[in-house]
Structure formats: structure tokens, C-alpha cells
Amino acid sequence: MAKQYDVLFRLLLLGDSGVGKTCLLCRFTDNEFHPSHISTIGVDFKMKTLVIDGIKVRIQIWDTAGQERYQTITKQYYRRAQGIFLVYDITSERSFQHIMKWASDVDEYAPDKVQKILVGNKSDEVDKRQVATEQGVKLAKAYGMDFFETSAFTNHNITETFTRLAEQVLAANKKDLDLLRMSINDEINLAALEEEEGLLCDGAAGDQGKGCWC
Amino acid sequence: MDQSVAIQETLEREENCKIAVQCDVLFDDIAESRLLGLVESAEEHAIFIYTHRRMAITADDVSLEDVIPICLDFAVVEVSSPEELAVVGGDTRVRVSYQEEELELRLPFGSHSRLFLGEVNRAWSDVCKSPAQVPKFEWINKYHKGTRGQGVVKQALTPLSTTLNKLSQHRKTEKSSDKKGTSEREKGSNSGTQKSRLPSSPESQGISSREDRDDLVRSSSHTPSNKAQILAMPQFGLRDNLIRCELLKNEDLYTYLEDFSFFLGTYNVNGQPPKESLSPWLSHTPNPPDMYCVGFQELDLSKEAFFFNDTPKEMEWTKAVTEALHPDAKYALVKLVRLVGIMLIFYVKKEHAEFISDVEAETVGTGIMGRMGNKGAVAIRFRFHNSDICVVNSHLAAHIEEYERRNQDYKDICSRLQFRPLDFTQPPLTIMKHDVILWIGDLNYRISDLDADNVKELISKKEFETLHSYDQLKRQIDEEAVFVGFVEGEIDFQPTYKYDTGSDLWDTSEKCRVPAWCDRILWRGKNIKQQHYQSHMALKTSDHKPVSSLLVAGIKRINTEAYKKTFEEIVRNIDKMENECIPSVTLAKQEFHFKDVKYMQHQAATLSLFNDGQVPCQFEFIQKPNESTYCKPWLTANPPKGFIAQGGSVEIELEVFVNRSTAPDLNSGKEQIEDILVLHLERGKDYFIPVTGNYLPSCYGTSIHSLCHMREPIQDMPQETLRKLVEMSVKENAANTEKPLDIPKELWMMVDHLFRNAIKQEDIFQQPGLRSEFADIRDCLDTGMPDSLPGSNHSVAEALLLFLDALPEPVVPFSFYQQCLESCSNASQCEKTISMLPQCHQNVFNYLAAFLRELLKNSAVNRLDVNILATIFASLLLRSPTKQDLAEKRKTQEFFQHFLTQGST
Numbered sequence: 001m002a003k004q005y006d007v008l009f010r011l012l013l014l015g016d017s018g019v020g021k022t023c024l025l026c027r028f029t030d031n032e033f034h035p036s037h038i039s040t041i042g043v044d045f046k047m048k049t050l051v052i053d054g055i056k057v058r059i060q061i062w063d064t065a066g067q068e069r070y071q072t073i074t075k076q077y078y079r080r081a082q083g084i085f086l087v088y089d090i091t092s093e094r095s096f097q098h099i100m101k102w103a104s105d106v107d108e109y110a111p112d113k114v115q116k117i118l119v120g121n122k123s124d125e126v127d128k129r130q131v132a133t134e135q136g137v138k139l140a141k142a143y144g145m146d147f148f149e150t151s152a153f154t155n156h157n158i159t160e161t162f163t164r165l166a167e168q169v170l171a172a173n174k175k176d177l178d179l180l181r182m183s184i185n186d187e188i189n190l191a192a193l194e195e196e197e198g199l200l201c202d203g204a205a206g207d208q209g210k211g212c213w214c
Numbered sequence: 001m002d003q004s005v006a007i008q009e010t011l012e013r014e015e016n017c018k019i020a021v022q023c024d025v026l027f028d029d030i031a032e033s034r035l036l037g038l039v040e041s042a043e044e045h046a047i048f049i050y051t052h053r054r055m056a057i058t059a060d061d062v063s064l065e066d067v068i069p070i071c072l073d074f075a076v077v078e079v080s081s082p083e084e085l086a087v088v089g090g091d092t093r094v095r096v097s098y099q100e101e102e103l104e105l106r107l108p109f110g111s112h113s114r115l116f117l118g119e120v121n122r123a124w125s126d127v128c129k130s131p132a133q134v135p136k137f138e139w140i141n142k143y144h145k146g147t148r149g150q151g152v153v154k155q156a157l158t159p160l161s162t163t164l165n166k167l168s169q170h171r172k173t174e175k176s177s178d179k180k181g182t183s184e185r186e187k188g189s190n191s192g193t194q195k196s197r198l199p200s201s202p203e204s205q206g207i208s209s210r211e212d213r214d215d216l217v218r219s220s221s222h223t224p225s226n227k228a229q230i231l232a233m234p235q236f237g238l239r240d241n242l243i244r245c246e247l248l249k250n251e252d253l254y255t256y257l258e259d260f261s262f263f264l265g266t267y268n269v270n271g272q273p274p275k276e277s278l279s280p281w282l283s284h285t286p287n288p289p290d291m292y293c294v295g296f297q298e299l300d301l302s303k304e305a306f307f308f309n310d311t312p313k314e315m316e317w318t319k320a321v322t323e324a325l326h327p328d329a330k331y332a333l334v335k336l337v338r339l340v341g342i343m344l345i346f347y348v349k350k351e352h353a354e355f356i357s358d359v360e361a362e363t364v365g366t367g368i369m370g371r372m373g374n375k376g377a378v379a380i381r382f383r384f385h386n387s388d389i390c391v392v393n394s395h396l397a398a399h400i401e402e403y404e405r406r407n408q409d410y411k412d413i414c415s416r417l418q419f420r421p422l423d424f425t426q427p428p429l430t431i432m433k434h435d436v437i438l439w440i441g442d443l444n445y446r447i448s449d450l451d452a453d454n455v456k457e458l459i460s461k462k463e464f465e466t467l468h469s470y471d472q473l474k475r476q477i478d479e480e481a482v483f484v485g486f487v488e489g490e491i492d493f494q495p496t497y498k499y500d501t502g503s504d505l506w507d508t509s510e511k512c513r514v515p516a517w518c519d520r521i522l523w524r525g526k527n528i529k530q531q532h533y534q535s536h537m538a539l540k541t542s543d544h545k546p547v548s549s550l551l552v553a554g555i556k557r558i559n560t561e562a563y564k565k566t567f568e569e570i571v572r573n574i575d576k577m578e579n580e581c582i583p584s585v586t587l588a589k590q591e592f593h594f595k596d597v598k599y600m601q602h603q604a605a606t607l608s609l610f611n612d613g614q615v616p617c618q619f620e621f622i623q624k625p626n627e628s629t630y631c632k633p634w635l636t637a638n639p640p641k642g643f644i645a646q647g648g649s650v651e652i653e654l655e656v657f658v659n660r661s662t663a664p665d666l667n668s669g670k671e672q673i674e675d676i677l678v679l680h681l682e683r684g685k686d687y688f689i690p691v692t693g694n695y696l697p698s699c700y701g702t703s704i705h706s707l708c709h710m711r712e713p714i715q716d717m718p719q720e721t722l723r724k725l726v727e728m729s730v731k732e733n734a735a736n737t738e739k740p741l742d743i744p745k746e747l748w749m750m751v752d753h754l755f756r757n758a759i760k761q762e763d764i765f766q767q768p769g770l771r772s773e774f775a776d777i778r779d780c781l782d783t784g785m786p787d788s789l790p791g792s793n794h795s796v797a798e799a800l801l802l803f804l805d806a807l808p809e810p811v812v813p814f815s816f817y818q819q820c821l822e823s824c825s826n827a828s829q830c831e832k833t834i835s836m837l838p839q840c841h842q843n844v845f846n847y848l849a850a851f852l853r854e855l856l857k858n859s860a861v862n863r864l865d866v867n868i869l870a871t872i873f874a875s876l877l878l879r880s881p882t883k884q885d886l887a888e889k890r891k892t893q894e895f896f897q898h899f900l901t902q903g904s905t
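Residue numbers (UniProt numbering), protein chains in the order written: chain A, 1 to 214; chain B, 1 to 905.
Straight line, CA to CA, 27 angstroms or less: simulated DSS-like cross-link-like pairs of lysine-lysine:
(1) K113(A) / K624(B)
(2) K330(B) / K275(B)
(3) K564(B) / K526(B)
(4) K670(B) / K75(A)
(5) K75(A) / K685(B)
(6) K101(A) / K685(B)
(7) K75(A) / K632(B)
(8) K624(B) / K101(A)
(9) K75(A) / K141(A)
(10) K589(B) / K75(A)
(11) K275(B) / K511(B)
(12) K56(A) / K175(A)
(13) K565(B) / K56(A)
(14) K113(A) / K685(B)
(15) K624(B) / K75(A)
(16) K75(A) / K641(B)
(17) K142(B) / K18(B)
What the simulated footprint calls covered on chain A by chain B, stretch by stretch (three residues with Cβ under 8 angstroms from a Cβ of chain B suffice, anywhere in the stretch; the number is not a length):
(18) 41 to 52
(19) 64 to 74
Treat the hints as calculated values from the structure; they're not laboratory data.
Even glycine gets a Cβ: it sits at the ideal position worked out from N, Cα and C.
Produce the entire structure from the sequences given, and follow the hints as far as they go.
Right under this line is the structure:
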């Protein structure tokens, strides 16, 4: 019987303050929704396990402060991510405009192989919509990203979005994974499991020290 | 100003003053200023207590009064009197005790004092860590001799107090003694003093004081605890185990039972080769069974088999079995295991093969010496669908009277037979851990208490039930002495032992054995039914007859859908648990604003952290990228890292303090009071804490050049102008719109004040001023132009020194420093150098020199001399751009002396 093994990915939620990054995360991990907005001042994370193609994928999802004053600091978290959600609010034209800026920051600070996905949140607020679905589709196409409109409130497309990005990250790292799978034999596979941390995050060993950005 | 430099100058090369702090020593109602230095040598630490004049700059300013070694008998305890509630910004009072000596100190509020106490504590806890290594403090001895005469201080050395320490008393008596006492004193310091000074052995130490220390160590140092780390760390192996456990617990949710048939056969072949077809034994069932578990005993009785565990019979009998399996199905041989003559072969119907996993085989010998393989058991375990099954074939001890030995063999097999675990984190798997256990073999239990004829008669009448009550195995099972929990089906076949080989006749040898049911089949587990249990008389190869049984067992099969659902549910719950265990704290305040921050004035605020998570947590302020420290230099967080128990809280003091190195950029508006602290929880989140404030610019830390262009008080100047002034001084040639002042008006106000009021002041520039008065003077200079300055003459004098000290570019600019050193011996050269200074610097220099010469005219009253003034002012006016050594220092003094004596020549 094939031994299961774990893979750990880091995904990062980016976007303007108030677009609903924390709500997306809460809905996905705890299936909860809190309507009141409390600004995230700092960087928070939660864990979630998914099974994709029979592989147990554990994802660590980082929720960042969206406020502009913190952006020089939050940028430093990009380089540890394998996947990034660029989130805007369909009721805020401004947050959609800012996606360009977020995307260029990602290009500058995140690893080259990073996978991105565009997310238009608050799809339930039809009456207040300022950004048409087509606009989102168009922008995503221009960047070569997948696009989802979601609602943390109604739980629309949440699992789909997270799973999709996780699948993309898995696919992007397939080569490394296959190599790993091949190198695993009965004797060492358990040990490899224990060292899950070391998997697919380059330079993880050096990041264990103090003052690290993890 | 770092006064440790002054202390360092008094020390030997290998001694290092780690940190110094100015404090008040309290004696009843009197408080006297002292300088404390924490001095380290060869990993031993001592507190050096100095009397000093004003702010100590050089070795001449300090005089050693006492040395307190930091050993086991040493303690520092924070004192808080009930009427003095702890207030942020209040002074820190501590009691230092050493043996029977006690000293009460008042340290100024601020991080520097905290740092000092922290260092002292660390030194002390290092001592405590290795109490076996009693520190010797030999390097201190030389100071004990020297403390008396060394002081440059002109005023008489005031004894600290009578309660302060025995040592100062000791010294007092020494002092009063005449020269005759010198030899005695030396003896004393070598024997008596030393003895009392040297740390006593650990056991003499009082318990209470140790507790005090522990408390202090606990409160001041932030012990990083591994525990927190371990508790908060997601253990991935643990995670897998948790999932496994939960899956097992909820097995009913995703499995259902399906019946499968197991054919079990056991045959003691008495060392014979197969001579006839085994079909009558193995394939007499109407339908082909799903599994075959066929066991043999005494496969080979030769010495070779016994000693080398090697026999051709294995092949022969396996072939015979394979050929005799049920013809209506195809079987795969999954596993064969043999120990000498005990063999077990396991076959499975082809279509079930893919559901067999985790197959393991083991053997245990219980024969000669309790170890050899002539007796014992072999076993095969495997997983079929979701059930774990173990088949055991055993050959237990022979002879009618040995039933207890057989019981023991059974127990030994159960305890000694262990399968390799599926996962190395698990303990080894024993027989009893399986869902289904099938036990076959020549168990060798006999029929006792009846003679052979009786038995044979009962057999011929087929009165098996009567015989059962004489069967040793049935009796032992009833007594729960063996095979506890096992079931055996009804035996309605005649005993299978012992026959004349090749016949159905009972043993006719002279031993004439009593017939017995040696060969048995038992099982343990739920949902098992027996279809048949019988012997096979047709086979005549051996002195035993083979036995077979068909069992139908309910096997747990997995419902894939339900399994997925259960698995996901479990994983979800574990994720949830894990997320709840991520360290977390709440911050009482998210943002900090410091209003009206002033030069050299502490401001503090408290950041309260409450651990609202489910685990203890470790916090630390971490550096932002491209920054060398976790915060701007004018900010400190105390403690910067630490540990919070679950439900506990910690108060972190955020302090803003602008000193001479941070003031220039803040004055000019190049820097703001603005920072974001990143509070990191180990294995948890990061919090951003913005710190903002407004800074009130000050003449302290502003360049002479800029000040000369300010006709208004600095705080009345627009920010823009201040910034431009700095830019202007960079490119000197910028067109000046207005003629600058000759010298900064602030400098003039201080000097003029002193000239008018303090020219005859005793000990001017020698006595420290008051901190509160300095603040008044600074505010006065920064906000207005009053006729006179507040505060005592000493305070104004100190304010002047601090002003010079705070200049970003000293009066003699750094670029001229080297030239000054070179010309120091030649008076005219010195003057020439000064004449080359930028105009405003030159003005300031000459103005100060003139003022000091005026002071010297009154030296009889104010007790100043050229040496004192040169020492003080040279170090402020001629600062080295790098580190200054003693020779350079002397040269700067020599340089400046020319200007102090100028007037008189």
C-alpha cells in the first residue's frame, strides 16, 4: 500500500484593506463568517489540509494587512509564498484598480515560480457592484491568471478558489514532487515525512533562525 | 554620555567595564551621587563603586570607593516602598547586598538603568549556574589596597554610611591608622579581608536570599522556554498518528462486513514425505474457500533440519498442497513460513489478492532450552480489506503429563512473537492485537485420567462428549489457563493421534499411547462461524490424521465514499485543533503616539500583551528588512522578547529617548518620530505596532552653523527653514540672505549667565547639575530668549557641557582634528590652526576660551585650574572622528591649554 506523504505550501492573500481577505480565510478554514470589519494589523495564518490527486496537501494561508502604511513590511513575506491570491472587492472600483500595483509588487518580491489567481470578492452584493465580471475576466486573461468571483458571505466559490490555486501550485512543483516520490523507498519515506517543512520551500533550513519572516 | 569610558581608563587591560550607570546612594535622608560600573575580568564580574565629579569624562573624574564581587553571596533586589507606587517614569530603587553588607541605590528611570540591572543579573545568574566553580576574584585584590589613596577628588571622601558595609568601616579604620599600619593592612588585605571578601561556599548561603534572586532573575530576564516551543510546534508524525487513531475509532462509519471463507488445515506428518494426494483433506468442500491456511508439524525430523533449518520436504509438501487445493478456483501462494518442522502456507483466491496487504511472518521457538525450533510456532499476519488477521501454527510440548508446559509454550508464543510494526512510531504488533486470530497445530493436549482401553471403548461408542471432559485442552481452557478468549468448535471426530503409520489402527507399539485430540483448530474474533471441523481418516502417511475446518468470517470492507467523508471530517477537525493552537496574543493598544518628544527626555508607554491563545507563547520584536535593529535608535522596547504562559500577560515598556546621536536628523526634520514595530510570535502571527510622535526641535544636537542662522528660538522656526539650513551648511557657498550671528545665541545665553553669576562659584564645572533643571534650561533655550536662565549655576554649567557634547560637528570640526594633534606642542601653530576654522566655529572657540580664562582668574575661589579645564573642555571641543586613545587625549589637552594660558602670557 502506498504510503501517504504530505506536502506543505504557503499561500498568501493580498489586496486592499477591506476587500475581505480575512473573511475568505475564515470561511475557508473554519466555515465561519463575521460581518464586522476589523483591520488585520500584521500577518496572520491558518492551516488547512486538502487532498489533491491523492496527495495530502497541507496549506498554510497567510493573511496580510492591506493598509498601505504596512506594505513595505508585508512585501517581505511574499518571497516565502508559492501561491498568491490577488483579491479585490467587486463593489470597489478602486480596489480593482489597485490590483495592478499588487501584481507588480508580486512580480518584484515573490519567487518567479509563484502561482497567482485573481479573486473578486463580495459577489453577493449585486446592487453595489462597480466592477463587472467581464472586467475581472479580462484582467485575469491579461495576466494569465485564473479568475473567480467569490462571496465569503454566501460561501460561493470559496473552496473552488483555494483548491484551484493549490492545484496550480502542485502542478508547478510537480517535477520536484515526482523526484521526491521516486527517491522515497520504504526505509526512508517516513523520515522524509517528518521533514515535511523542508519540502518545496527552498532555503527553509536557513529560515528557522530567529527573526525570520515565517 | 557614556561614563563607562571614564571607568575603563582606570582599569587594567584585561578588565572591561561593560556598562556604567550614575545613581544615588541612599543613606537615611541623604542621597549621594555615585557612579557604578559593571566590570568583567576572566568571566568574573564585580560592581565598582566610584565617587565622581559631575558627568565623568576621564579617569581623573572618578575615584574608586568600593568593589562588590558578584558571587553567590551577592544579591540585587528591587525595593518598592508601599507609599511609592510603581509609576512609569519613576526611579528604580534597588538594594544590593553582599554577605552582611547592604547598599540602597536609586537608579534614574529609563532603559539604561534597566539594562544595567539586567547585565548585573545576567552576571549573577552565570555564577549560580555553576556553583561548583567558586569564583576567585583575585583580580580585585589590587583595588582593595588602592582605593584609599587613588582619589583625585579634592573633597574628603565621605564614608557611605555605617550600615553600608563593614568594608568601608574597615577602610575608615585603615585610613585613621598611620603608616605603621601599612604592613598590617597589606596582611589584612591578603588574609583577613580576602577571607571575608571571598565568596563563601554555596551551602552557607541563606535560602531566603536565593529565593529573592530567583524572583528577580525571573522578572527581569526573559527565559526562553523550550516548553512553549514544544507545545506550540505542530508535530507532523503526531498528526498522522492522530488521523490513524481517529480513523480507527470511527471505523464503523465507513466499513461494512462481508463474509469470506477460510480453510484451515493442520497435519503432523511425522517426518514422512508426501506419499498420497492431499485432496481428500484440502478440497472436500463443495465450494472453493477464499483462503487456505495449511499448517504442518514434524515436517522433517532429521538433524539437518533441526540444526540448519533446511529441508527438501518444504518443497515437497508445498507442491502436494498446491496440487490438492480446490480445483474450482485459482489460488496464489501469498506467504510461506517455516521453523524447522513447523510450516504454514497461506493461499488466497486470485480475485482477493489485491485486497491483501501488510503481510508479515514471524517464528518463535519454544523447544530445547525454551528457544529451539523443534517446538514453537510460526505465524503469518496480513490485512484483508480493513481487517487485520493473524494465523498461528504451533507445535507445543509433548507427553501426557506436560500440559502445564504446553500452557507455558502458548504464553511464550503470545508474548515473544512480534511482528514488525507498520509504522516505526508504533510498538511491535503482537498476535493478540489482530481482529481475527486463527490458531491451528499439534497442540499436544491429551486425554488424561483414563486408560487406553477406556478411551478406545468410548471412541468406538462415539461417546465423544464424555471424552471431552477428560480432554486436557478443554479443561485448561475452562480453567482459563490457556487460550483465553478463543473458541473451538464441537469435536465430533475421533482422536487424530496415534495411529500405526499407513493404517487406521491405534498405536500398537509397546508404548501403546492413549488416543488423543492433539491436532486442533481454534479462533478468536467477532463474526466468525464454523462450517465444519473434522479429521481426515483417508490419509495414512503419518501417525496423526490431518484435521480441517472451514470458518466463515465477517471481514470489514471499506465504503470508499464514507471513508472519504470520515477522513475529511477528521482532517478538518485536526486542522481546526491545529489552528486553535497557533500562538496568539491580544494587544491592549495597537498604536502608540508620543507627544512633544524633547531632547534627552524619556517618554514611556506600556504595551500590554495578553496570551489569549491555547498555548504558551514566545514573543520577540523582529527586524524589518534592511534594518539592523528591530526599531529606530530613539526607541526601545523592554523586554524585547519573552515568554507568556497561557492566559498570562506581559507588559512591555516602549521608551522614546532622543540623545545626541539621534537628535541632529530629528532637529532638521530629516527623520520623524515614526516607526513600525513587528512583534513576532514564535510559530505564530506577526503584529505590526505603529509608533508615532512629534519631536520638538532643540538647539541640542543642532549644528553651530545652523544655530548661527537662527535669530529666533529654534521652536519658532518653520520646519522648512530648519531643513534648508542643514542643506545650506552642506554647500557652504550658498548665498546668505542674512548675516549670520557670530555665535549661537543659546551658547551666548549660557556662557553669559555663567559669566555674570558663576565666575566665583566654588567647584563650578565640577559638581553635577540637576536633571530637572537641565530640562528647564533646554526648554528656555529652545523656546525663548529670557534675560537669565533658570536653575543653579551647576546646572547651567552642565547644560553648557551637554550642549557642546551634543554638537553634531564639534567646535573644532572633525576635519581639523588631526591637524590639531600635530600642532599641539607649538602654541602659535595651534592658534594658526584655529584661525583656519569656519568663521562661526572659530568664534565659538575663541569665545569659550576667553570665558574660561576669565574663570581661571578666580581660581582661588572657584578652585579651577588649567588642568581641570583643559581636561573637561578639550574632550568636548576636540572630538576624534574615530576612537580616541590616551595619547591623543593628552595631545588634545595640551593643545587646548595653550588657549587657557594665552591671556596670562
